[in-house]
Amino acid sequence: MTKRIFRSICLAAGAVFLASLILIMGMLYSYFSRVQRTQLRTQTALAACGVENLGADYFDGLDLPSNRVTWISPDGTVLYDSQADARDMENHLQREEIQQALSTGWGESQRWSVTLLERSLYAAKRLEDGSVLRFSTSQNSVLTLLLGMSQPIVIVCFLALILSIVLAMRLSRRIVAPLNELDLDDPAENECYEELTPLLRRIRGQQKELQLQADRLRQKQNELTAVTGSMREGMVLLNKSGMILSINPAACALLDTDRRCVGRDLLTVNRNLELQAVLSKALDGTAAERTIPLHDRRFQVDASPVVSGGEVSGAVLLLIDVTEKEQAETMRREFTANVSHELRTPLTSISGCGELLKSGLVKPEDVASFGENIYSEAQRMVRLVDDIISLSHLDEGAEDLKRERVDLYAIAQTAVQSLAGRAEAAGVTLELTGRPTPMEGIPQLLGEIAANLCDNAIKYNRPGGWVRVSVESGKDAVRLTVADSGIGIPQEHQAHIFERFYRGDKSRSKAVSGTGLGLSIVKHAVQIHGGKIDLSSAPGRGTAIAVSFPIEQAKNRTFG
Amino acid sequence: MRTRFDEQLDLLHKELITMGALCEDAIARSVKALDGRDLALAKSVPEISARIDRKERDIEGLCLKLLLQQQPVATDLRTISSALKMVTDMERIGDNSGDIAEIIVTTNLTGVDEAADVHDMAQAVIQMVTNSIDAFVKRDTALARQVMADDDMVDGYFDRIKNALICRLRSPEADVEYALDLLMVVKYLERIGDHAVNVARWVLFSITGSRERE
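Residue numbers (my numbering), protein chains in the order written: chain A, 1 to 560; chain B, 1 to 214.
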């Protein structure tokens, strides 16, 4: 812009200079021509007077440096010439000014010299005797004048050029300066050319819009970061060549990396082959899903292609921890299979007995024992179903059961009394020691704990053995211990006995009636009370199971 | 031209990592099969070993093409030449894993008295292989040196198990076949450790440009 302004100013200055030069030259030239012509006329008139009075003598001693005087007779012969010998000169009759003078008494003309650099002006006057006196003067042409003045003109030109350059530079700079100093961050605050106001207003509007869009974008980004950041699932966004574009913290933790991995290839972060297989499938355009072990846990990896414009432009990996889900599923499946199996066994027996009775194949004296069989199997089923119900009840947290102040000793006593008959039948001594121990708890569940533990201790015992139940109150816990002199539990089974339907000794499970759910119920009931179970057992020597309930919990909680 | 070269170098890098991952997978499967007597798992190893062989040929081809067409110098030349050497060692790791799997399939290695030592040794070897590949991926010289140092530990395990087997063979009712098979397994493990050290050495060479002492 500066350049353009500068150029324009220079050009304008040049043009003005040239125009004024031409104009002035023209004016002066025509003015001087007029003056010269007037002088010529005057001189001619004066000289004519002189010649008429003095005749040829007038010319004696006449010294005219610039003018030429010629006296011509009426027939055109030159009588006198101030610059040449009159006798050598040709006849002047045909000259324009002579002709005019001869006919009208006065004539004028002008003629260009051969080189066109000079012009001769002529003025002629007819004298009374019919001869003609002619005066002539030479005049330089404009071109000659200009040539003569070339040196000063060049100097002036040069000066004008320098002046105009300096001026133009200053001027253009001054014009552009406010534009350069425009504060585009805050266009409305500028005090500048009026012509720029619409532009500035427009810029301001667009700036506002941009700001708004940037804010919106940032907000979106923040929302996305917040969502993916708080996700427990890992999420990775990859481009077409498998480079990580974005990764959330959960995925960072899973893949043992940090945010710096953005921009690197997934392969350099984790080279799990299955993960790569899923990813390459997604990058080929088909969504894939696979369960992959990572860090001792199992993850379901969902890879979906990102399609834009009909082409796969990347992929999204979603890593979901399914360890617990899979475990729970396996447990549920096993539980269902076990329940069906356990229910089927007594039913087969019942149905068999019933079939025999129906077809009348049973001797009358055996009917009672068949009935007994059906009854006991049905009882077993009832127990099993009861256990399953209470277990599923416990699974849901037993929220409908209320805690209240109970005496653990009394509860243990009830259990021992109810089992006294069975203990006697098995030839086992059943003892209870301790004193009243109050605690906060759910009586039904505590009763089940005591009954199940005692029941197991009697069942898995030997004739002549003993079962000792004790209730103690420690400093920070209430403890119920059931010790027996039974068969004991081998080390490899100890970890599993609290699982559902787990039977330590498979061969005994048929002989000893039991649902296989007792200890599972105990475990859940204890968990609900916030207590813990300690097991110590040695094969052939007996088992001691101690259940302790923390007292603090009992103190801190209030129950309605 | 330069971009194409960079792309090919990138591809080489990725292929090497994939091959490393395959090696890890092969040895992990063999060791798991050894620990858990999982014959099905052991039988899956030769297939991976074959994939490793194919990868080796692919990478060799790629390296030769790069050398011929791009005539690399300095770091690039080191990278490519060490890649050529590394794949040989990685291929041997795959082969040795396959050999271990074969021993598990064809012989009866039950009742490993030295199980704890063999297990520890196998884990140490797996860690070495993983570390050597990690060193390559992260261009981590410290990790590469760690691998070279760990080899002594693996050699220690080998000696201990060998001595235990010698003691066992002294008794007249010793199961000679079992002892020899187990010795083969631990020897293969020890070889895998050596190959991991070689890989680490080449990683160091490609980074620093100077050969470590043998």
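Treat the hints as calculated values from the structure; they're not laboratory data. On a predicted model such as this, the values are computed, not experimentally measured, just so you know. The reader is advised that the hints may include incorrect statements.
Unchecked claim - No more than 27 Å apart at the CA atoms, straight line, and that leaves these computed lysine-lysine pairs for DSSO-like:
1) A/K459 to A/K475
2) B/K43 to A/K281
3) A/K240 to B/K187
4) A/K325 to A/K281
5) A/K240 to B/K65
6) B/K85 to A/K240
7) B/K65 to A/K325
8) A/K523 to A/K402
9) B/K187 to B/K85
10) A/K281 to B/K187
11) A/K532 to A/K475
As the list claims (entries may be wrong) - Here are some, though not all, of the chain A residues that point toward chain B, as calculated from beta-carbon distances under 10 Å:
12) G61
13) L62
14) S66
15) V269
16) N272
17) Q276
18) R383
Glycine included, each C-beta is placed from N, C-alpha and C at the ideal position.
Do the hints match the structure? See the list:
no., hint, result
1, A/K459 to A/K475, "33 Å, violated"
2, B/K43 to A/K281, "26 Å, holds"
3, A/K240 to B/K187, "43 Å, violated"
4, A/K325 to A/K281, "25 Å, holds"
5, A/K240 to B/K65, "25 Å, holds"
6, B/K85 to A/K240, "30 Å, violated"
7, B/K65 to A/K325, "50 Å, violated"
8, A/K523 to A/K402, "19 Å, holds"
9, B/K187 to B/K85, "22 Å, holds"
10, A/K281 to B/K187, "39 Å, violated"
11, A/K532 to A/K475, "16 Å, holds"
12, G61, "104 Å, violated"
13, L62, "100 Å, violated"
14, S66, "88 Å, violated"
15, V269, "9 Å, holds"
16, N272, "7 Å, holds"
17, Q276, "7 Å, holds"
18, R383, "39 Å, violated"
Figure legend: structure checked against the earlier numbered hints; hints not met, in rising order: 1, 3, 6, 7, 10, 12, 13, 14 and 18.
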